[in-house]
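Make one complex out of these two single chains by using the hints.
Read off the chains here:
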Amino acid sequence: AQKITQTQPGMFVQEKEAVTLDCTYDTSDPSYGLFWYKQPSSGEMIFLIYQGSYDQQNATEGRYSLNFQKARKSANLVISASQLGDSAMYFCAMREEGEGKLIFGQGTELSVKP
Amino acid sequence: GAGVSQTPSNKVTEKGKYVELRCDPISGHTALYWYRQSLGQGPEFLIYFQGTGAADDSGLPNDRFFAVRPEGSVSTLKIQRTERGDSAVYLCASSPPTRDTQYFGPGTRLTVL
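Residue numbers (this note's numbering), protein chains in the order written: chain G, -18 to 95; chain P, 103 to 215.
Chain P on its own, in the form it takes in the complex (with noise of 0.2 Å):
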């Protein structure tokens, strides 16, 4: 079936500018997680699904990212006044009812220039 999928691959923009990153988690997946990867770092939690609702939001560095999921499938997570320190692959997860295994999309590369 069907990968978690994420859009776009690839995502320029300028410093200060407001971005949409989307995930499309797998098909009856219930819990939907964005990670942030710099670098040559491992990656890094940012906020959890579970359904609608953000079930643990604490790894959102500051109030200029937020994420939602408003009908319990696709995820759109958005950020403000974009810094060059944002600049980095945002990597989208989900996995099913019964198991807690994560399943990865091929993430979004962000350059803030």
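Okay, chain G solo, but in the shape it has when bound (with noise of 0.2 Å):
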């Protein structure tokens, strides 16, 4: 069973508008994290914003924000103010209990448009 979904293979956004990507997850585990990553076109993954499953708050970073609906198991990705520089590939990962590894979801392609 797939463990994160991403649906959405490519978005566009306008440039200074906000914009959600959206990341379902499927654990049984009562504790894990859940990650987001940039990867621009020149490939390096860039950690982005980090929300474990007992912080009582939605994490912020910048202009980064974490929609977190546990019950939905979902963890989407709010980006404010959209840049031209935002424009790249996000992946939504999650990190069970225990475990080192990362479980990637297929990644959605955001475009931001001037």
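FYI, nobody ran anything at the bench for these hints, they're computed from the structure.
What you are looking at is a predicted structure, and each value in this text was computed from that prediction instead of being measured.
Every clue listed holds true.
For the chain G half of the interface with chain P, some residues (derived, Cβ under 10 Å), not all of them:
1. I(-15)
2. G24
3. E25
4. M26
5. M70
6. F72
7. A74
8. E80
9. G81
10. I84
11. F85
Every residue, glycine too, gets a C-beta built ideally from N, C-alpha and C.
What follows is the structure, encoded as structure tokens:
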């Protein structure tokens, strides 16, 4: 069973607008972490934001925020005030308690239009 | 400070050859991870080291793949008898002792002709 699902292969957003990238996950472990990474065309995976399953508040990092809905098992990434440099692939990932590995989704390609 | 570095950045080899890919983690990071990313896919886990020992090698696809981290710092991923299906970007990541976050290197693009 796929543990991380990103249903949007591609998304477009106008510069300066906000955009939400969807991520749902599947785990029976009560303790886990959720991550978002950005991968520009250069190929490097850039860490954006982290949410722990027991965190009471949604994580925020600058223009990035994570809309964490535990009961729905969703961890959507919200990018506010999009910039041209935000154009990239975005990956959602999960790490279960006691595991080292990250499990990644298929990614969403975001294109920011001027 | 310096990030995770990987060498070479590109490697082209012929089917059946042996290759080594190197990863130099961020100083002080105790955990090191290898992933493989095929075109259009998310990274897939290969192996994870905590210190010198492999804590989880469940992602290695077969016994042609092997990785070492003899001194708990630099790691080498070794692929024997390469096949065309091994062509991918091999990503290395490291994480510090007190955080879950993994920081990735730029990757090695392996092409098997």
